[in-house]
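Starting from the given sequences, assemble the full structure and let the hints guide the process.
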Amino acid sequence: MTTVTATGTDARPGRPVPILASVATITARNLRRLVRVPTLLVFATVQPVLFVLLFTYAFGGAIHVPGTAHYIDYLLPGIFVLAIGFGASQTGVAIAEDLTTGMIDRFRSLPITAAAVLAGRVAADALRNLFVVALMIGVGSAIGFRFHAGPAAALAAMTLALVTGVALSWLNLLLGLAVRDPESAGLAGLFPVIILFFTSSTLVPVATMPGWLQAFAKANPITVITGALRALCLGGPTTRPALEATAWLIGLLAVTVPAAVASYRHATST
Amino acid sequence: MADPAIVAEGLGKRFGHVTALDGVDLELPAGGVLGMLGPNGAGKTTTVRILATLLKPDRGRAWVAGFDVTSNPASVRRLIGLSGQYAAVDLFLTGQENLVMIGRLYGLTRRQARRRAGDLIDVLDLASAAGRLVRTYSGGMRRRLDVAASLLAAPPVLFLDEPTTGLDPRGRLALWQVLSELTSQGTSLLLTTQNIEEAERLAGRIVIIGHGKVIASGTPGQLRARAGGHRLDLQSLPGQDPRRLADALAALATAAPAVDEAAGRVMLPVAGGAGILPEVATRLAAAGLHVESLALRRPTLEEAFLAYTGQPASGPPAEPAQTAPDTPGAR
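Respectively, the protein sequence lines represent chains A and B.
Here this note's numbering is used: position 44 in the first sequence is 44, and no number is missing along the way.
Here this note's numbering is used: position 300 in the second sequence is 570, and no number is missing along the way.
By construction, these hints were calculated from the structure, which means they are not laboratory data.
Careful: at least some of the hints might be erroneous.
Only some residues are given here: those of chain A computed to face chain B with a beta carbon under 10 angstroms [unchecked claim]:
#  : residue
1  : S22
2  : T25
3  : I26
4  : D105
5  : R106
6  : R108
7  : L110
8  : A116
9  : A267
10 : T270
Among chain B residues calculated to face chain A with C-beta under 8 angstroms, some are [to be verified]:
#  : residue
11 : R319
12 : A322
13 : L324
14 : A344
15 : R348
16 : I350
17 : G354
18 : Y356
19 : L363
20 : R374
21 : L375
22 : Y376
23 : G377
24 : A419
Here are the in silico distance ranges between beta carbons for each label pair [said to hold, decoys possible]:
#  : chain 1 : residue 1 : chain 2 : residue 2 : range
25 : B       : G282      : A       : L41       : 45 to 53 angstroms
26 : A       : L54       : B       : G286      : 41 to 49 angstroms
27 : B       : R405      : A       : P210      : 46 to 54 angstroms
28 : B       : T406      : A       : L41       : 14 to 22 angstroms
29 : B       : E279      : A       : L130      : 48 to 56 angstroms
30 : A       : E183      : B       : V288      : 19 to 27 angstroms
31 : A       : L130      : B       : A397      : 34 to 42 angstroms
32 : A       : I194      : B       : R405      : 29 to 37 angstroms
33 : A       : A259      : B       : V288      : 24 to 32 angstroms
34 : B       : R405      : A       : T68       : 42 to 50 angstroms
35 : B       : D295      : A       : L130      : 49 to 57 angstroms
36 : A       : L41       : B       : G491      : 57 to 65 angstroms
37 : B       : A528      : A       : T113      : 51 to 59 angstroms
Beta carbons are placed, not taken as given, at the ideal position from N, Cα and C, and that holds for glycine.
In structure tokens:
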């Protein structure tokens, strides 16, 4: 029988654990879960495809947006945000689960920086979102979607979508740590996305809405971000929409990152 | 290893209106094993969480291996292993993957983490399941994996919060064996448990904790002795009412006798040691009673525990001074 040694010299860490190594370890953990947990896999594959097809074929026949020849060109940039927003709700669920199962207790007893567990989650989300966006572009292309503003703008659009995902991941980490219960965390993550989605320019131009809703819809961050994505995908003036979107995202990150890290530092399972 | 493994002074912690800890003092010398006994809600887990840097105390201070847990948690975390009350393992990773992940987070290289994980998997009898997702594990296997995770970096100070809860007798014995080996090699261990046998078997010193306070501490032998004199066990003859034995000897008992009518047994707490036996014989003879057997013994740790914490299901906690009259050193 093997015996376990208490004093094995090579198994005793003498130095602080490098931040990037611990982030990479946590990222790998979340990517493994992503392909092994059925609901996570569905959120990352079936759902984005369904969104593209459902909205294109259910609404596309009825809606004609002035200035765009194909509804899918108008629709797809907004559907990026919707799919990423729905996927991000799983991040709140996951951190709440880690909290209730005691995983956070264990992580917090390890010699790693507080942000590593959260950053590793966000990094895994970003890789998932890269896959999700690529998948939607693939499916969209098959049914008529085209980039109209050149490869540099297309790349910028994908980057903006991914940064939006990063901000939403941090928001959902904060929500999951705040509500603590996995089911509530899922609802807390989805609710704002659903409300903001239907009151945004994702499906229809803001100009078609009643006056009282237009003011809200114009200020709605999903409208702002979708507007910037659309400008980068379809062409047209990009500077102002991109700046507005960037301002929203920086603001969101500036609030959620420190709040989530602070919340994590005090989180325990009961 | 000059610094004590654990020192706690006057730890206090409130959650809302609930006082979880009300001034806990502890000391564990380097290389020692401290068993923390207490009923549910006594404050054991809160104490462990403060010492493992997960919670900040409202008052009091604590040091682990010389480092202040509040002002220097990062240094403490490099020296501890923690296995909490519930198995904190990822259900969607294999056993092996869980351990390698924890090893990497302790700063081991991939090779070191794999080798160490492999050793622990063998020792904790998980080899046949190491490649399976933890989701397929039994509760006992998850528990053993969780303890393995706490041992990954060979920490000099180990916190185990009810480590054998949910283990079958074989798993419990195997874990006790592992822990005995570790502590004999110098690992300091703080163990919370509700299992008296576990505390007695592993711990050189025991603290009994109740309502957020240390209500007794000492070696298992000291606690048994302080719990009050001796216990007199009587087995009545078949067909005889054991209550008659209890009545005949009631004047000698220091607390209410326990009568088990179905088994025909009586247990009396008594003072005075073996010197009391002639008096017992005289009283039984005077009452015309005979017994099948009679034995005088020290209280078990279980009885000591009940004496200190009050009967488990009966209302408010007893004051230690009343239930254990001869407790000069008890705090």
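Comparing the hints with the structure gives:
1. S22: For S22 of chain A, the interface hint holds, since the closest Cβ of chain B sits about 6 angstroms away, which is under 10 angstroms.
2. T25: holds (4 angstroms)
3. I26: holds (8 angstroms)
4. D105: holds (5 angstroms)
5. R106: holds (4 angstroms)
6. R108: holds (5 angstroms)
7. L110: holds (5 angstroms)
8. A116: holds (8 angstroms)
9. A267: Cβ of A267 of chain A sits 9 angstroms from chain B, so the hint holds.
10. T270: Given a least distance of 8 angstroms, the restraint on T270 of chain A holds.
11. R319: holds (6 angstroms)
12. A322: holds (5 angstroms)
13. L324: holds (5 angstroms)
14. A344: Holds, about 7 angstroms.
15. R348: Holds, because the Cβ-Cβ distance from R348 of chain B to chain A comes to roughly 4 angstroms (cut-off 8 angstroms).
16. I350: holds (6 angstroms)
17. G354: holds (5 angstroms)
18. Y356: Nearest chain A Cβ about 5 angstroms off; hint holds.
19. L363: Where the cut-off is 8 angstroms and the nearest Cβ of chain A is about 6 angstroms from L363 of chain B, the hint holds.
20. R374: holds (4 angstroms)
21. L375: holds (5 angstroms)
22. Y376: Nearest chain A Cβ about 5 angstroms off; hint holds.
23. G377: Nearest chain A Cβ about 4 angstroms off; hint holds.
24. A419: Holds, about 7 angstroms.
25. B:G282 with A:L41: 45 to 53 angstroms: Since the Cβ atoms of G282 of chain B and L41 of chain A sit about 47 angstroms apart, the hinted range of 45 to 53 angstroms holds.
26. A:L54 with B:G286: 41 to 49 angstroms: Holds - the Cβ-Cβ distance for L54 of chain A and G286 of chain B, about 47 angstroms, lies within 41 to 49 angstroms.
27. B:R405 with A:P210: 46 to 54 angstroms: holds (50 angstroms)
28. B:T406 with A:L41: 14 to 22 angstroms: For L41 of chain A against T406 of chain B, whose Cβ atoms are near 19 angstroms apart, the range 14 to 22 angstroms holds.
29. B:E279 with A:L130: 48 to 56 angstroms: holds (52 angstroms)
30. A:E183 with B:V288: 19 to 27 angstroms: Distance hint for E183 of chain A, V288 of chain B holds at roughly 26 angstroms.
31. A:L130 with B:A397: 34 to 42 angstroms: holds (38 angstroms)
32. A:I194 with B:R405: 29 to 37 angstroms: holds (31 angstroms)
33. A:A259 with B:V288: 24 to 32 angstroms: holds (26 angstroms)
34. B:R405 with A:T68: 42 to 50 angstroms: Holds: the Cβ-Cβ distance is about 47 angstroms, inside 42 to 50 angstroms.
35. B:D295 with A:L130: 49 to 57 angstroms: holds (54 angstroms)
36. A:L41 with B:G491: 57 to 65 angstroms: holds (58 angstroms)
37. B:A528 with A:T113: 51 to 59 angstroms: holds (56 angstroms)
This entry satisfies every hint, going by the numbered hints stated previously.
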